[in-house]
Amino acid sequence: MLKNVILYIIRLIVGGLFIFSGLIKVNDPVGTAIKLEEYFDVFSYDIASFFEYFKAFALEIGVVMVVAEVVLGVMLILGVRLRFTVWALGLMILFFTFLTFYSAYFDKVTDCGCFGDAIKLTPWESFYKDIILLFLIAVLFFFRNQLNSNQQSWALWTARLSLVFSLVLAITAIRNLPFIDFRAYKEGVNIPVAMQPSAPLEYSYIMSKDGEEHVFDQYPSDESYEFVDMKLKNEDALPKISDFAVWNEEGDFTDEILSGNKVVILVTYLSKIGTSHLEEIDDLVKGLKNSNLETVFVAASSEEEISTFLAQRGWEMDSYQADATVVKTIMRSNPGIMLLKDGVVLKKYHFRNTPKAETVIGLF
Numbered sequence: 001m002l003k004n005v006i007l008y009i010i011r012l013i014v015g016g017l018f019i020f021s022g023l024i025k026v027n028d029p030v031g032t033a034i035k036l037e038e039y040f041d042v043f044s045y046d047i048a049s050f051f052e053y054f055k056a057f058a059l060e061i062g063v064v065m066v067v068a069e070v071v072l073g074v075m076l077i078l079g080v081r082l083r084f085t086v087w088a089l090g091l092m093i094l095f096f097t098f099l100t101f102y103s104a105y106f107d108k109v110t111d112c113g114c115f116g117d118a119i120k121l122t123p124w125e126s127f128y129k130d131i132i133l134l135f136l137i138a139v140l141f142f143f144r145n146q147l148n149s150n151q152q153s154w155a156l157w158t159a160r161l162s163l164v165f166s167l168v169l170a171i172t173a174i175r176n177l178p179f180i181d182f183r184a185y186k187e188g189v190n191i192p193v194a195m196q197p198s199a200p201l202e203y204s205y206i207m208s209k210d211g212e213e214h215v216f217d218q219y220p221s222d223e224s225y226e227f228v229d230m231k232l233k234n235e236d237a238l239p240k241i242s243d244f245a246v247w248n249e250e251g252d253f254t255d256e257i258l259s260g261n262k263v264v265i266l267v268t269y270l271s272k273i274g275t276s277h278l279e280e281i282d283d284l285v286k287g288l289k290n291s292n293l294e295t296v297f298v299a300a301s302s303e304e305e306i307s308t309f310l311a312q313r314g315w316e317m318d319s320y321q322a323d324a325t326v327v328k329t330i331m332r333s334n335p336g337i338m339l340l341k342d343g344v345v346l347k348k349y350h351f352r353n354t355p356k357a358e359t360v361i362g363l364f
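Under UniProt numbering, the residues of the sequence shown are numbered 1 to 364, in order.
One thing to keep in mind: the hints can contain errors.
Derived EDC-like pairs (lysine to aspartate or glutamate); straight-line CA-CA distance at most 20 Å [what the hints assert, rightly or not]: (1) Lys-231 / Glu-38; (2) Lys-272 / Glu-235; (3) Lys-347 / Asp-111; (4) Lys-240 / Glu-223; (5) Lys-272 / Glu-303; (6) Lys-347 / Glu-303; (7) Lys-272 / Asp-107; (8) Lys-209 / Asp-236; (9) Lys-129 / Asp-111; (10) Lys-209 / Glu-235; (11) Lys-120 / Asp-243; (12) Lys-120 / Asp-222; (13) Lys-231 / Glu-212; (14) Lys-289 / Glu-249; (15) Lys-356 / Glu-305; (16) Lys-356 / Glu-187; (17) Lys-186 / Asp-342; (18) Lys-120 / Asp-181; (19) Lys-233 / Asp-255; (20) Lys-186 / Asp-107; (21) Lys-272 / Asp-111; (22) Lys-129 / Asp-107; (23) Lys-120 / Glu-38; (24) Lys-240 / Glu-37; (25) Lys-55 / Glu-125; (26) Lys-356 / Glu-250; (27) Lys-231 / Glu-202; (28) Lys-347 / Glu-305; (29) Lys-341 / Glu-202; (30) Lys-341 / Glu-358; (31) Lys-341 / Asp-222; (32) Lys-289 / Glu-358; (33) Lys-240 / Glu-187; (34) Lys-341 / Asp-107; (35) Lys-240 / Glu-294; (36) Lys-209 / Asp-222; (37) Lys-286 / Asp-318; (38) Lys-272 / Glu-294; (39) Lys-272 / Glu-38.
In short, the hints are calculated from the structure, not lab data. Quantities reported herein were computed from a predicted structural model and do not represent experimental measurements.
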C-alpha cells in the first residue's frame, strides 16, 4: 500500500513537471525552435555534420517535443498506458539529460530553455534537475510491470483532448505571437531603464599576498596585494537588457530609436522573410507617412540587402542593422511590428495581425 502511494506521488511530481514545462514551451514554440537550432549548430560542429540538416525542421521537431511533454505528463498522472508512458518519458529524459550535461560541461548553450523564458536555469541547474527526474523515472521504470493502467474512457479521452488542446495552442502561438510574453522586451517594458542596473553593482575582490588569497569588499589600497579576480555580489541587479543596439554605416543609432514615437518593422534574415502579408505592411507604411510617427526598419541583414528590399517595397524610411539573436528575442515573427514610445514597448504585432494605420496612431 505504501509503495503504491509513493509511486503515485512520483507520478504526480514527474507528470506535473512535464506538463508545466510543456505548456510554457507550447506558449512559444518558435522560441523552442530557436533553442533547438542552437543545439543543432553546436552538434554539427562538435559531433557530426548531419545535425545541420535538422535546423530546417527545428520548428516541427520543437512542436512534437513540447506537445509530447504535455500529453505524456497527463497520461502519467491519469495512468493511461503507463508502461508505454514510462518508456517514452525515460527516453525523453535521457535525451534532455544529455543536452543539459553537454551544455554545462562544455559551456556551449548557456540556457537550455527547459522552462522557456519563464524560468531561467544555469546549465548545471538544468542538469541537476534532469538527474532528479531521471532518478524518479527510473524508479517508475523499475516497477513498471506493477503499474496498473487506467482503462476508463474518461482518462483515455482526457489524454486525447490534451493532445488536441496543446497542438492547437502551439499552432496558434506560431501563427500569432506567444500568449504570454516572458521575454525582456514584452509589452510595457521601458527598454532604456531595463538597460541600466536596478541598483549599484557590488563586487568582491580576490587578492593574493604571501601565497594566500584574501577577499575584500573594496579594492585594497595596500599595493602589496596582487589582484586575482573580482566577482559580482548582486547579480540580480544586472540590467535585464544588455545587448540591444541598432546601427548602420553612419554609426550607432540606439539612442535615436529609443526616443520619440517609433513604429519599428523588425526582420531577422531577409532571405527568410514571410511575404504573405507584406501588402498589409505596405498599407500601414503608406497610412503612417503623413502622421507624427516615425517608421523605421531594423533587420539582421547586410546594408545591401536592406537597401534592395526597401527599394523593392517602395518604403522610404531610416533603416538599421541589429544582431539576429536580439531581433529573435524581441519578435517571434519575421517580419514583425513593434511600437515604441520613448523606448517603452507599447505593442507588438505578428505580420499576420498587421494593424491598420488608424489603430496604430490611436495608440500613441
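Consistency of the hints with the structure:
1. Taking the CA atoms of Lys-231 and Glu-38, the gap is about 28 Å. The hint is violated against a cut of 20 Å.
2. With a C-alpha separation of about 37 Å, the suggested pair Lys-272 and Glu-235 falls outside the 20 Å cut-off, and the hint is violated.
3. A distance of roughly 27 Å separates the Cα atoms of Lys-347 and Asp-111; the hinted pair therefore is violated under the 20 Å criterion.
4. The hinted pair formed by Lys-240 and Glu-223 fails the criterion: a straight-line CA distance of about 36 Å is larger than 20 Å.
5. Among the hinted pairs, Lys-272 with Glu-303 is consistent with the structure: their alpha-carbon atoms are about 16 Å apart, no more than 20 Å.
6. Restraint check for Lys-347 and Glu-303: not satisfied, since their Cα atoms lie roughly 27 Å apart, outside the 20 Å limit.
7. Of the supplied pair hints, the one linking Lys-272 and Asp-107 is violated, its CA atoms being roughly 29 Å apart against a limit of 20 Å.
8. As the CA atoms of Lys-209 and Asp-236 are separated by approximately 31 Å, the hinted pair breaks the 20 Å bound.
9. A C-alpha spacing of about 13 Å is found between Lys-129 and Asp-111, which places the hinted pair at or below 20 Å, so the restraint holds.
10. A distance of roughly 27 Å separates the Cα atoms of Lys-209 and Glu-235; the hinted pair therefore is violated under the 20 Å criterion.
11. Using a Cα cut-off of 20 Å, the hinted pair Lys-120 and Asp-243 holds, with the two alpha carbons roughly 17 Å apart.
12. A threshold of 20 Å between alpha carbons decides the hint, and for Lys-120 with Asp-222 the separation of about 40 Å lies outside it, so the pair is violated.
13. A distance of roughly 18 Å separates the Cα atoms of Lys-231 and Glu-212; the hinted pair therefore holds under the 20 Å criterion.
14. The suggested pairing of Lys-289 with Glu-249 is violated, with an alpha-carbon distance near 24 Å, which exceeds 20 Å.
15. A distance of roughly 27 Å separates the Cα atoms of Lys-356 and Glu-305; the hinted pair therefore is violated under the 20 Å criterion.
16. Distance restraint check for Lys-356 and Glu-187: the Cα-Cα separation of roughly 19 Å lies within the 20 Å cut-off, and the hinted pair is therefore satisfied.
17. As the CA atoms of Lys-186 and Asp-342 are separated by approximately 15 Å, the hinted pair is consistent with the 20 Å bound.
18. For the hint linking Lys-120 to Asp-181, the alpha-carbon distance of about 14 Å falls within 20 Å, and the restraint holds.
19. Restraint check: the Cα-Cα separation between Lys-233 and Asp-255 comes to about 29 Å, which exceeds 20 Å; the hinted pair is violated.
20. Under the criterion of a C-alpha separation no larger than 20 Å, the hint pairing Lys-186 with Asp-107 is inconsistent with the structure, at around 28 Å.
21. Taking the CA atoms of Lys-272 and Asp-111, the gap is near 25 Å; set against the 20 Å cutoff, the hint is violated.
22. For the hint linking Lys-129 to Asp-107, the alpha-carbon distance of about 17 Å falls within 20 Å, and the restraint holds.
23. Taken as a hint, the Lys-120 and Glu-38 pair is honoured in the structure, with Cα atoms around 16 Å apart against an allowance of 20 Å.
24. Distance hint between Lys-240 and Glu-37 is unfulfilled; the C-alpha atoms sit about 24 Å from each other, more than 20 Å.
25. Pair hint Lys-55 plus Glu-125 does not hold up; C-alpha atoms about 26 Å apart against a cutoff of 20 Å.
26. A hinted pair counts as satisfied when its Cα atoms are at most 20 Å apart, and Lys-356 with Glu-250 does not qualify at roughly 32 Å.
27. Distance hint between Lys-231 and Glu-202 is fulfilled; the C-alpha atoms sit about 9 Å from each other, no more than 20 Å.
28. Restraint check for Lys-347 and Glu-305: the C-alpha separation of about 27 Å exceeds 20 Å, so the hint is violated.
29. A threshold of 20 Å between alpha carbons decides the hint, and for Lys-341 with Glu-202 the separation of about 32 Å lies outside it, so the pair is violated.
30. Among the hinted pairs, Lys-341 with Glu-358 is consistent with the structure: their alpha-carbon atoms are about 16 Å apart, no more than 20 Å.
31. A distance of roughly 50 Å separates the Cα atoms of Lys-341 and Asp-222; the hinted pair therefore is violated under the 20 Å criterion.
32. A threshold of 20 Å between alpha carbons decides the hint, and for Lys-289 with Glu-358 the separation of about 12 Å falls inside it, so the pair holds.
33. The suggested pairing of Lys-240 with Glu-187 holds, with an alpha-carbon distance near 14 Å, which does not exceed 20 Å.
34. Restraint check for Lys-341 and Asp-107: the C-alpha separation of about 38 Å exceeds 20 Å, so the hint is violated.
35. A C-alpha spacing of about 26 Å is found between Lys-240 and Glu-294, which places the hinted pair above 20 Å, so the restraint is violated.
36. A distance of roughly 10 Å separates the Cα atoms of Lys-209 and Asp-222; the hinted pair therefore holds under the 20 Å criterion.
37. Between Lys-286 and Asp-318 the alpha-carbon distance is near 15 Å, which keeps this suggested pair within the 20 Å criterion.
38. At most 20 Å may separate the alpha-carbon atoms for a hinted pair to count; Lys-272 and Glu-294 exceed this at roughly 25 Å.
39. Pair hint Lys-272 plus Glu-38 holds up; C-alpha atoms about 17 Å apart against a cutoff of 20 Å.
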